[in-house]
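Chains as they are written, first to last, in this note's numbering: chain A, 1 to 288; chain B, 1 to 191.
Simulated from the structure, these hints should not be mistaken for lab results. Possibly wrong hints are sitting among the right ones.
[As the list claims (entries may be wrong)] A few chain B residues that face chain A, going by a derived Cβ cut-off under 10 Å, partial list only:
1. L31
2. Y58
3. L127
4. S148
5. A152
6. L153
[As the list claims (entries may be wrong)] Some chain B residues well away from chain A (every beta-carbon gap over 10 Å; in silico):
7. P16
8. I20
9. L27
10. V57
11. V65
12. D94
13. N160
14. A170
Just so it is clear, CB atoms sit at the ideal spot from N, CA and C, and this is done for glycine as well.
Below are the chains, spelled out letter by letter.
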Amino acid sequence: MVDIKFTLSGMKTLLITTPEVKIKAKAFRELVPEKLEGWRIEALPSWPLDRKATIPDVTLVQLGDDTQSADLKAMIPWLVHLQAKAPRRSYVIFSFNAETKTNVRVEEALFREVAEQINHELSSFPDPDRVNLFFNQGSFALKTVLSHIRAKLDLEYKVPPQLPRTSPLDRVKEVLRSTEDLRVANGNLSAESIAKAFGVSLSQLADWLGRTRQALNKTPDADSLQNQLSFFERVARLRAVIPSDGFQKWLRIPNPELDDKTPLDLLANTERQVVADLVDDMLTGAPA
Amino acid sequence: MKHDLASLKAALATVPAVKIKTKLTRLVPQLDLGTSPDWLFTSGKPNRYNPAGVNCVYFAELREVAQVEYDAYWKGTGRGNQPVTTYYGEVVLDRVLDLTDLTTLKALKVEAKDLLKNWRRAKKSTLTQLLGQSVNETGLFSAIRYPSKAAALSSKAGANIVIFRDCVRAPDSVRILGPTNAPLHVWPLTR
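Next up, chain A with everything else stripped away, as it sits in the complex (with noise of 0.2 Å):
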């Protein structure tokens, strides 16, 4: 059952699992003691992660003293794989148990090894960004940490892609043949060149930019522009098929597909995403 007080994203889910072949019950406990509102647990050994259909937002990997560097090793793959399958982003967090009898050297030199191993596997996650080492001081410490990769992984549902994702077409050289005019001798795309192709004026350009128009006439191929008018771009790759003229027509016509809103109207606001993926799919076919 989705607990209303997060409708934002719904549940997170927490994927809790060890390199050992059995996941202990009271490890798992000492872990999470009581109840973490707002997150959905799982508890697996390594081997069956490779068959888990659901990616969870957050796998975390207990480590203790006992923890035996071949079988850190063989699990990373799995991790890796998991990471790389996920929907959204997703966190993997090594978090290191050491038992509090052992002593502190002890500790610090077997966390440093664990440590120094996770370094030098790091460069195979797909999101090295989002691969973290944690010493687990308690379930205050887990939930501190838990509930700040929440807040990022809210952030995400909130904030606009900064970038279009990627599509099959930007390896096809006839489709990025077709704007190659949008760009200047340096390869940034022009705003100038786009305002022309689009059919509408520098200004109004700006405005949709959230930039003055002398700013963009200043330097109408600012690095600062790139991602912006990288939507922009993908846009125009439907020139790749059909005329200048055909394309600035289509640009303002109704289109059922965007809710009998004119492309050109979701380019003014912040959908660019979702006319960039309506030229994806008419460019490659898929029916919709």
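We have chain A; now place chain B onto it with these hints.
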């Protein structure tokens, strides 16, 4: 009826699967796609039956339906009579969720009209996207057969199929047909 992921997943477990062994079609505007385009490329881009991040491919069940889908996109652009590239996927799928079957819709408590609603501007996952996500996450089915909206708008009957990459397991297969007996691309992927 308000649906959520959990209720859809539970309902999926009660729905029978159908088997499909056929040749699916997709039409693409004629472009120089290079020497070895990946015909089964998945970007995880959202579509009618998948939210962002779910890897799948869409095909029309028949050549005629693929044509209707294509025409719907390009209506009014003057591209209608220009050359197209057609490619085919030969599929053997043992576990397909058939949303053209009224009994299945009833079991899922879904109305046929809900399957044809617009999805592109939705602020959260639509019912059809939740259905696809449920299929992908449970692995109970490897594909969904669903009514083509473009065909329905043209007063024709027709179906499309979305195939979920991570749910295609042997003996299921998707083979993109090429000029020789060897397929151009194949699912399931081998490690």
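Which of the numbered hints above does this structure break? 3, 5, 9, 10, 11 and 13
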